[in-house]
Each structure stands twice: as structure tokens, then as C-alpha cells.
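**Student:** Residue strings, one per chain:
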Amino acid sequence: MKYSSYVGLEIHIHLLTQTKAFCSCAARFGDEPNTNVCPVCLGYPGVLPSLNEDALFMGYRVAHALGCELSRCTIFERKNYFYPDMPKNYQISQFAAPLGGAGYFDFEVRGGIKRLSIRECHFEEDAGKLVHAGTMTFIDYNRAGYPLLEIVTEPELVDGEEAEAFLRSFRRLVRHLGVCDGNMEEGSLRCDANVSVNEEGRGLGVKVELKNMNSSRFVRMGLDYEVKRQTARLKDGRKVEQETRLWNENRDVTETMRKKESASDYRYFPEPDLPPFRPEEAFLARVRDSAIELPLARKRRYLEAFALTEEQAELLLEERAVADYFESAVALGADPRSAALWIVGELRAQLARSGVEIASCALDPSRFTSLLKILAAGRIQTTIAKQVLRAVLEENRDPEDLIAERGWERISDRTVLASLVDEVLTREAAVVERIRSGDRKPIAFLMGEAMKASAGRAEPGALKELVMERLA
Amino acid sequence: MLDELRPWSGLLSDRKRRPGYEAYAADWEGRIGAFLQFAPERPAGADAAPAGASLDARGDFLGVPFAVKDNIAVEGFRMTCGSRILENFRVPYTATCVRRLQGRGALVVGKTNLDEFAMGSSCDNSALGRSSNPYDPVRVTGGSSGGSAAAVAAGVVPFALGTDTGGSVRQPASFCGVYGLKPSYGAVSRFGLAAYASSLEGAGVLARSVDIVEAVFRSMCGEDPLDQTSAASGRSLLAEDGPPRSVGLIKGLGGLDAEAEAAYRDALRALEDSGLRLVELDLPLLDYVLPAYYTIATAEASANLARYTGIAYGRRAAEAENPADLVRRSRTEGFGDEVKLRILLGTFVLRSGFQDRYYLKAQEIRRAIRDELAEALRRVDLIALPVFPTLAFPHGDTGMDQFQQKMADKFTCTANVAGLPALAVPTGLSKGLPTGIQLMAAAFREDRLFACARSLAPLYPVPEPPSFSQEFLK
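Those protein sequences? They're chains R and U, same order as listed. Numbering-wise, this note's numbering puts 402 at position 402 of the first sequence, and it's gapless, one number per residue. Numbering-wise, this note's numbering puts 334 at position 334 of the second sequence, and it's gapless, one number per residue.
Any given hint could turn out to be false.
With a straight-line Cα cutoff of 25 Å, these simulated BS3-like cross-link-like pairs (lysine-lysine) come out [to be verified]:
(1) Lys114(R) with Lys228(R)
(2) Lys79(R) with Lys340(U)
(3) Lys361(U) with Lys79(R)
Since the hints were made in silico from the structure, they are not lab data.
Whenever a hint applies, use it, and build me the whole structure from the sequences.
**Tutor:** Pasting the structure below:
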């Protein structure tokens with residue numbers, strides 16, 4: 001008997017807004033507990049929510065990027081359930097008319113491209129956070145009221161590998177959109193899943209909800225475990241129970257959290273405190289105008305138009321700012337392949353060391369391009385180019401000026417080089433003697449010394465010729 | 001400033017007049033228990049007037065005291081909602097409607113009693129105090145804004161604010177013989193009103209004159225960024241296009257007791273005498289208003305009252321096994337029976353699989369009623385209705401039981417279901433008890449209510465309860 005597995009995901013992203021979804025408190029993590037709170041996000045009596053339109057705008061942008069149908073009249077609803085970290089004991093969410101309807105997302109997996117259908121995107125607020133300490137429980141409401149977008153996919157994935165690949169691509173998408181930092185460990189991107197297994201050709205099986213997977217790796221592990229567990233049960237002739245299970249990252253297994261019977265009835269009804277949101281044409285136009293080229297499309301363009309390697313393209317596209325930087329340089333006339341090489345190599349390493357963002361570093365795309373052109377023209381050595389790059393970053397100067405001022409241009413004048421070589425050979429007479437008596441090894445040492453004497457500026461070919469001539 | 005408000009201005013800071021005022025208020029309080037908090041020595045509002053603003057420009061109510069129902073937030077006072085669960089809750093903000101009055105110089109002198117969380121029609125559902133009718137203390141004030149109505153009727157304040165979810169301003173106003181306005185939905189910001197049924201309720205005004213009601217209403221209304229359901233057009237739509245010419249009455253109206261029926265008939269004659277054309281209206285959907293009203297009200301209440309857990313504020317159970325147990329115990333101890341009943345009902349009607357039968361059907365009825373009334377109000381300028389099927393009834397079991405009281409809301413809750421403005425107008429006394437009539441207009445046509453009430457005013461002088469006096473103002 002063959003079995004098919006069906007995996008769907010529910011992804012929550014924290015939208016990167018200045019303020020919370022329904023009040024003017026700062027939407028910021030890591031502050032002292034209960035400092036970014038007000039009567040609205042604490043659910044005091046008599047206060048009312050005020051919609052943060054920026055947050056909703058971000059939600060529409062994500063929905064647009066996922067090819068979803070954008071709602072012309074989206075409704076907020078109350079999702080009712082009691083939980084100690086929920087200030088109002090209902091969550092303002094969406095149900096009947098979410099902001100984004102059916103859409104899709106293409107992502108790479110197993111060397112190909114898979115298209116996953118998106119069921120809907122809806123806007124909601126986050127709850128606070130319970131902190132347990134011994135027999136005490138504390139509540140931090142800083143997170144309460146933080147704007148979230150939930151993206152629900154159809155159950156069209158088959159295993160953990162696909163889910164992980166999707167999640168990584170999706171994470172890159174929201175980072176490129178600039179609406180979420182995508183940090184799963186800090187909970188700004190969270191992923192729950194539903195899994196079912198059934199005999200091939202018989203459609204969906206009994207659905208199990210899976211929670212508590214706090215990294216894309218755990219998503220993969222949890223789903224693979226769950227597919228295996230359910231398949232094994234069916235093979236044994238047992239049934240799969242409808243339930244919610246938690247991934248236990250210490251034991252690498254999934255465990256029952258609650259059975260179906262205790263599932264909640266959320267008693268959704270329209271939020272009377274918030275009128276339906278009917279985006280005006282100008283709002284939707286802004287959504288469309290702020291659309292970005294999807295990272296996957298961009299990657300294919302890099303491979304085809306610029307002949308970059310798969311790895312270079314991936315590295316450039318990790319951050320949208322890096323990819324933008326790359327394209328600016330190319331537009332200014334930089335050679336795409338060497339630009340890619342330098343960006344993902346030396347530049348990235350230097351920026352990582354100093355903690356400066358690429359978009360604001362002193363080596364702007366135009367300076368970077370001129371440095372690459374100087375290098376390509378053979379006017380400086382590669383090692384010098386690295387030196388120039390660092391100097392520009394540190395001193396915020398033009399590469400051309402630095403090279404001129406510090407005399408870093410390459411030396412190819414044979415008379416100048418000859419005098420350098422002669423100096424070294426005279427100094428290292430003993431080594432020269434050894435070579436002449438047949439030991440060829442120290443030749444490299446002499447080359448190095450000569451290069452050092454030129455402060456790295458000597459043209460290596462000419463230098464080698466001169467050394468060999470003198471030794472002959 | 002209105003002439004009739006002038007004597008009140010500066011009363012609280014007047015060392016000569018205040019003792020007389022306090023004595024008068026204390027005398028009434030002993031009999032009617034209108035207030036849960038009364039603080040003439042430290043009223044709230046003096047700081048709210050914008051610094052440097054000219055007193056003439058912002059002073060329509062300069063130094064005039066008023067009372068506020070205790071489910072409306074006023075910084076400086078507790079907001080108890082008449083409930084044990086909020087008995088000691090100090091509220092750190094002020095409702096927009098109150099703030100706007102304070103901005104014009106008015107001073108909150110106290111917080112008035114109410115049915116717990118505004119759920120009731122007698123004020124007897126208050127967990128924190130008992131209020132009685134100034135005309136006969138064995139009878140109720142009506143509710144839920146009973147304390148506000150009693151305080152105004154007794155002349156302790158020139159006006160008071162209440163909230164009206166299904167008649168909670170108009171019915172006690174009528175029981176106590178004063179005017180009671182429920183504005184159009186959205187005309188006045190709900191920010192600062194402890195929510196019971198958000199889509200039905202709003203702040204209203206009780207006073208002994210139409211002029212005061214109108215002045216207060218005009219000061220309170222208008223869009224508020226803190227309430228996204230408040231209407232920008234609140235003020236601009238106060239068109240004044242001459243006095244209303246026609247008034248509709250409901251065909252086949254029944255269920256009134258003898259005194260209420262007689263008062264209603266008398267008022268209709270008075271309307272006719274004042275020059276209005278009476279038009280009989282057939283509004284068959286009105287029979288469905290009450291079930292739709294209670295379905296929607298309790299559904300919203302079940303969510304609105306879910307926040308009272310004793311965790312972040314309010315009464316907290318002394319002992320609990322875990323957070324869930326803490327919430328359960330705090331709510332069990334903190335809420336009264338009527339509140340629990342409505343929370344349970346609301347939870348019931350929202351259950352998945354049952355929404356079609358209850359909540360969604362109620363919303364359908366609501367839309368249909370709104371349409372039917374809008375249509376009717378294109379044919380007539382106003383609709384006249386009774387306020388309540390009885391006059392003020394006695395406290396306790398000899399009066400009306402909770403179910404009868406709910407059934408009796410049918411005349412008032414129509415305006416809430418349809419979002420329309422309505423005004424209770426006092427029409428004198430019958431056997432020593434106040435009577436009244438209710439006028440209803442199209443949305444944002446409060447002006448028609450005021451115009452009609454003014455034309456009735458000469459026929460129906462506002463009654464005064466025994467021992468009523470305003471001597472302390474002199």
C-alpha cells in the first residue's frame with residue numbers, strides 16, 4: 001500500500017510597524033516588561049481600538065506579493081477565548097472577509113520549482129507573554145496588540161523538506177518586502193502546521209495540528225516525524241486521531257497537546273468597535289506601486305543575465321539591500337561577475353566586521369564600481385584593491401584619490417622592478433647561493449621578499465621574470 | 001451660557017452657597033441614593049479647561065456641576081459600573097464626552113448609580129447601592145441610568161450623563177420626570193464608556209430642560225479619533241430646517257397599562273394640538289425588535305465583559321490554583337446574577353453551528369428594521385412612541401420581574417437597534433408619578449426632537465418632586 005502525505009502551514013509574521021495594531025504604543029521587543037503598554041492594549045474598560053493603517057498596508061503588500069485577491073471590504077472580528085495573556089480575552093482578528101484571498105507562492109526545492117497555493121492572509125493582534133518562574137506566573141504585555149499577519153496555505157506540501165524550503169523562501173520574501181525581520185527564534189515569524197496521511201489517491205486524511213516548531217529546521221524535523229508516525233499507524237491498521245500535537249525539541253518527537261473534544265469554539269463575530277476597512281483606490285495603488293521583484297525571479301535573472309553562480313545569487317539575495325547594491329553597481333558599469341565576487345566576499349566580510357549596513361557604507365555603488373574598474377584596468381593589484389576597499393570604508397574617501405595619494409598603483413616599469421629585485425638578491429645573498437647550488441625551493445621566498453619590497457604593488461609576471469633572469 | 005445654568009456657575013467654589021447645596025444634596029441622598037460617589041469639594045474638570053483659553057469662548061458650562069453615570073470614565077473618580085468586580089477601580093482616563101464638557105468649563109461633581117454594567121431597567125441590579133424614585137422612594141428610578149435621572153429630578157445637578165443601550169437613558173428619565181436624550185449612533189464618541197453592547201449603545205443626556213439637553217449634546221458630539229465608529233457628520237448634520245410637521249404613530253400598539261396608555265393618548269393629542277399632522281404607520285417588523293436586541297446585546301456583552309478577570313485590574317479572587325482558576329473565581333465572585341445570565345446567553349447565541357439561528361438572524365432582522373424605519377421616517381418627520389408600558393414600579397418582587405422588564409424594553413430598544421436618536425419628554429404626573437412620551441427621528445436629526453419637545457414644553461411643565469427646591473442657588 002502506498003501513502004500520500006498532505007502538509008499545510010499557518011504562518012504568523014510580526015509586521016515591522018512603529019506602533020501596535022490598535023493603539024499608539026511602541027511595537028518593540030526586549031524592553032522592560034510592561035513598559036510599552038496603555039489602557040487600550042491592556043484591555044481596560046471603556047477604551048476602543050484605533051486601526052493602525054500602516055500595519056494593514058503591510059498586510060496588503062504581503063498579500064499582493066503572494067498573488068492574493070485583495071479585499072475591497074475587509075472585516076475585523078472578535079475571536080473569543082480565555083487565556084491569561086490575552087488582555088480582552090478576545091483577539092481582534094479576521095474570519096469571514098480577510099484582507100487577502102486565494103494566491104500562490106513559487107519556491108525552489110529538490111532542484112525544481114514548486115507552486116504552493118495560499119488560502120488566505122488575515123490581520124490580527126498578538127497576545128502578551130506568560131513567563132513562568134517556579135510556582136509563579138508573570139505576564140508581560142509588551143507584545144499584546146502587536147500587529148500580525150497570518151498566512152494560511154493549502155495542504156499541498158508533502159514533507160518536512162518542502163516545508164523548510166518554502167519557509168526559507170517565504171522568510172526571504174518578507175524580508176525583501178521589509179515588513180518582517182523573519183526571526184523565528186524571537187518569534188517574529190512563527191509556523192504551525194497541519195499534517196495528514198492517507199492511502200494514495202484517497203484525498204486528505206485525519207488532520208493533526210502541529211505547534212511549537214521554533215526554527216525552520218524544527219519544522220522539517222517535526223513534519224518528517226509526524227508523517228512517519230501517521231504512516232506507521234496506518235500501516236499497522238490503526239487510526240490517526242484528530243488532535244493538536246507539540247514538537248518537543250529536546251526529545252525530537254511530537255507529543256499530544258489536546259484532543260479534538262477539547263478544541264475551542266471561538267465564537268467569531270464582527271468587531272463592533274471597528275468599521276470594515278474599505279481601501280480606497282489610492283491605497284491599493286500604493287500597494288501595487290510598492291511591489292518588489294520577487295526574490296526567486298530576481299535570482300533567475302541573475303543566473304541568466306549575469307551568469308552568476310547559484311551560490312553567488314543566493315548570497316546576494318539574502319538581503320534585499322545587498323541585491324540592490326549589486327544591481328546599482330552593475331548599472332554603473334561594473335562587471336557583474338566580479339561585482340558579485342567582491343560583494344559576497346571581501347565587502348560582506350568587512351561590513352560584518354564593522355557592523356555597518358551596506359546601504360549606508362562609505363563604499364557606495366559608484367565608488368565600488370570605480371574601484372572594480374581600476375582593478376580591471378590592471379592599475380592596481382588584487383591585494384591592493386582589498387586595501388583600498390578597507391580604506392574607503394574606514395576613511396570615507398574616493399578610491400581614485402586614495403590610490404593616487406598613497407602611490408598604490410601597480411609598478412610594471414622594468415627598471416624600477418629590476419632595482420627592487422637587485423636589492424633583495426644582494427640582501428639575501430646566502431639564499432641566492434643555495435638556489436644556484438640546485439635547491440629551487442627558496443625561489444618563492446625571494447619572490448615574496450621582492451613583492452614585499454614593492455609594498456605589494458609589483459606586477460607579479462614581470463617581477464617573476466626579473467628574478468628568474470637574475471638567478472639564471 | 002444658558003440663563004438657567006448661570007445660577008449653577010461657580011456654586012461649588014462659592015463658600016457661602018456650597019454648604020446649603022451640600023445639605024440639600026445630602027437630604028436627597030438619604031432618600032434616593034442617586035450617587036455612588038459625590039465630591040462637591042473636589043469636582044473633576046477644573047484642569048481640563050485648556051490653559052489660556054478665554055473663558056467666554058470655552059465657558060458654556062463654566063463652573064457648572066454635573067453628574068456622570070458610573071460606567072463612564074472620569075479621571076479622579078473610580079469607575080465601578082455598579083459592580084463588585086470594579087468596586088475599587090480608579091480609572092486613568094476620561095471619556096471623550098465628559099472631556100468635551102470639561103473643556104467648556106463643566107465640573108463632574110459625582111458618579112451616579114446604575115444597574116450593574118448597565119444591565120437592567122430599575123437600578124436594582126446595582127451591586128453597590130440602592131437608588132429610589134424621588135417621587136416615591138418605594139419605587140424604582142428606572143434604569144439603568146437611574147442615579148442620573150434621580151439626581152436631575154431632585155434638582156441636585158442641572159444635568160447628568162447616562163448611557164443608553166436599550167432605553168437606559170429614556171426609561172429612567174421618564175420614570176423620574178425629566179428629559180432624556182439618546183443620540184444617533186456615532187454622534188457622540190463611546191470612548192470611555194465601559195462597553196456592554198458596543199453596536200447599540202452611546203452616551204446620553206438627562207436634564208430638566210430641552211435647552212440644556214441640546215447644549216450638552218452639541219458640546220459632546222462630533223468625530224473622535226479614539227472611537228472609529230464616531231461620525232464626522234455628527235455636528236454638520238444638525239440641520240435646522242423649520243419645525244417638524246408630521247409625526248407617525250404605530251398602528252395597533254398594545255401592552256400598556258392604564259396610566260401609561262392614558263398618558264400616551266394625552267401626549268398624542270398634545271402633539272396634534274401643537275400643529276403636527278398625525279400619521280398612522282404600519283411597522284410589522286417591530287414585533288421582532290426585542291429578540292433581535294437581546295441576541296445582539298448579549299452576544300456583544302459576552303465578549304465585552306470577558307476582560308474582567310482580576311489580573312491586570314479590578315477585583316481579584318484571594319486564592320486560586322492557577323491562572324485559569326483565578327479568572328474563574330474572580331468572575332464568579334465579582335459579577336451579579338443578571339450579568340452572568342447575559343454573558344451566558346451571549347455565549348450561547350454565538351456558539352458555532354448556532355449562529356445562523358440566533359446571531360446572524362438577529363443581524364438580518366436588524367437590517368430589515370433599520371430599512372423599515374428609514375422608509376417610515378421619509379414619510380414623517382418624527383415617530384411618537386410610549387417610553388415604557390408602566391410608570392415607575394415598586395422595588396422588589398412586587399414590581400416587575402427581570403423577564404417582564406426585558407419585555408417592556410420593546411419601545412425603547414427600537415432606536416438602539418436602528419441607531420436612531422430618540423428623546424423621552426416628560427408629560428406631567430399621573431397619580432403623583434411622572435409620565436412621558438418618546439420621540440424618535442431619522443439618524444442625525446436630533447434637531448427635530450428638540451424642536452418638537454420645545455413645542456410641547458408649554459403644555460407640559462417639568463414636574464417637581466416633593467421637597468424640590470433650588471433655593472441654594474441664590
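**Student:** Which numbered hints turn out to be false for this structure?
**Tutor:** Going through the list in order, the structure violates no hint and respects every one.
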